[in-house]
Structure formats: structure tokens, C-alpha cells
Amino acid sequence: MKAQLKPVSAQVIVITGASSGIGLTTALMAAQQGAKVVLLARSEDTLDEIRQGLRDVGSEALVCVADVADRAALEEAAQKAIERFGRIDTWVNNAGVSIYGRLDEVSDEDNRRLFDTNFWGTVNGSLVALPYLKRNGGALINVGSEVSDAVIPLQGMYSASKHAVKGFTDALRVEIELLDKAPVEVVLIQPTAVDTPYPQHAANYMAEEPKLPTPMIEPEQVAEAILKAAEEGGRDIKVGAMSKMNTLTAKIAPSLGDRMSAKQADRQQRDVPASVRDPQGALHRPSEDGRTHGDPT
1 MKAQLKPVSA QVIVITGASS GIGLTTALMA AQQGAKVVLL ARSEDTLDEI RQGLRDVGSE
61 ALVCVADVAD RAALEEAAQK AIERFGRIDT WVNNAGVSIY GRLDEVSDED NRRLFDTNFW
121 GTVNGSLVAL PYLKRNGGAL INVGSEVSDA VIPLQGMYSA SKHAVKGFTD ALRVEIELLD
181 KAPVEVVLIQ PTAVDTPYPQ HAANYMAEEP KLPTPMIEPE QVAEAILKAA EEGGRDIKVG
241 AMSKMNTLTA KIAPSLGDRM SAKQADRQQR DVPASVRDPQ GALHRPSEDG RTHGDPT
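Under this note's numbering, think of the first position of the sequence shown as 1, with each following residue one higher.
It should be emphasised that the hints constitute simulated quantities derived from the structure, not laboratory data. Here a beta-carbon is modelled for each residue, glycine too, at the ideal position from N, C-alpha and C. Be aware that a few hints might be false.
What follows is a list of derived Cβ distance ranges for each label pair [stated by the list, open to error]: (1) Glu232 <-> Gln32: 17 to 27 Å; (2) Ala274 <-> Gly86: 41 to 51 Å; (3) Asp266 <-> Asp295: 15 to 25 Å; (4) Ala262 <-> Asp70: 35 to 45 Å; (5) Lys251 <-> Glu60: 15 to 25 Å; (6) Gly86 <-> Glu208: 47 to 57 Å; (7) Pro254 <-> Pro213: 34 to 44 Å; (8) Leu256 <-> Ala72: 38 to 48 Å.
Given only the sequences and the hints, what does the whole structure look like? Please build it.
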């Protein structure tokens, strides 16, 4: 059954990782278009500030403080959304974090925490959201990456987690859309590098401060793709020219893709010693950041 998706202006949209970056940009853009938004993240103070800002301009938002690794917390958040708004039309699994470091240097504890957020957070959100989305139709949108197909050195476990997100999302789509014929669109968003606080939130094992290689796209471009999918559905949506090029190269010329990826190693480090900030970033704790864009320095 093809999902009958509403205009964003008529939707209730749940967004995980809504306190910064892509998640916050999507929440602000959705609210500007008239949607009721449910802001879900670990950063309680930041979420309260965002809610107040939206209230001041006449937008309605619900704050749910939760770690996406905790399925029970997501179930409670979904119930609060239903109690407040009566339904959920779109659920966006956006929360994610990275680790900069070689695979043979990063601790198992940190790697498992990354998977708890990036992969299990997506699984938890999806399985919590689906019963509500099936009731009246809706969209389940999982934020993957160009490294759901390609890879990048020094962020190897992040790449692995985004491969896992793609595999889960693809299998879920078959089960929900084709076997169950449920009125739900299951969409994977695959952005290229995005100018958000992502590097500052990452754990860092390198001697230098981390950064994303250029060119980067703006978070607004990803938010627009997410909200378009909320209205129109889709399958796997590449955002940014580099995402299209890198995913295609990984599929049709993988050895070339490996060599291109290797060239990105030196382009992920700033000329600043790593000692200037907490090397754990937001891996194990909330960032309380509240920024949509990255560090300009």
C-alpha cells in the first residue's frame, strides 16, 4: 500500500538528535513550515532553549530528553508525543556521533558506544515508531551517510555503523513496504560531509583536532531532503554531489574508491593540538551545543 503522506505543514514530526546540526536544522525548518515537532536528544537545557525560541515565534514543540540507545526511553517519548498531538506522521532517526582514530587504536568501549547510538539508536527509533506510523500512514526516515556505501579512513567504525544502518533500513523497507504492504515509506538519507558541529562532538584519538574534508554542504540542504521525503517518500536519497560520486565509485570501481578514500586521511585534521578540548566529545555525554553549523576556525 502506498503511503499517503501529508504536507509538512500538517505533520507531527519526531526528530532524534534534535539539539544540534542536521537534527536541529530540520526541526527549525519543519516548524517554520507549520509542523508540530518533537525534539528528542540528551541535551535537556539546549532542547528547552530551542522549544522556547520556537514558542516565541508561534511554533509548537515538545521536548523529550532521551538517549536513543535506550529503547524504553524512546517508547516513553513516543507515548508523550501521542498524548500531546494524537499521532506521529514522520519519525526521523538522525542522532549520531563519530570517532576519529585508527581501528586498531580505538577502545572497544568507545566503539560499542558509537554503535549503540548510530546503529541501535536507529533500530530502536524505527521499531518504536512503526506501530504509530502504520496507524494512519507516515514516513520513517533514517539518516545514513555517503559512507553507508563508501568508507573513510580514521572514521572506520563510523563507516561500519552507517553500513549497518543501510542494511537494516533496506531490509526493513522490504518487510514493511513489500511484505506487510503497510502505508509507511522507509527512507534512507545519504548526505556527503555537512558543515555541522559533528567533528567537535566526535571522540578523538588523533594528535590534532578533527575536521571534515571539504567540500561540505550546508545542513539546510540535508534538512530540505528530509522534509521532502516526509512529504513524498523515497528510497535512498543522496544529498550533495560528492555523495553521488563517492557512492557510485564505491559500487562500480571499488579499488579506485579505496584509493580516493585514502587521500582523505590527511584532510581530516586541523593544525591545532587535540589537547584543547575533551577527547571524548559527546560520545558518552550530551554536548549541550545548540549549533546548526560547525566551528568556523
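Q. Of the numbered hints stated previously, which ones are contradicted by the structure, given in increasing order?
A. 5, 7
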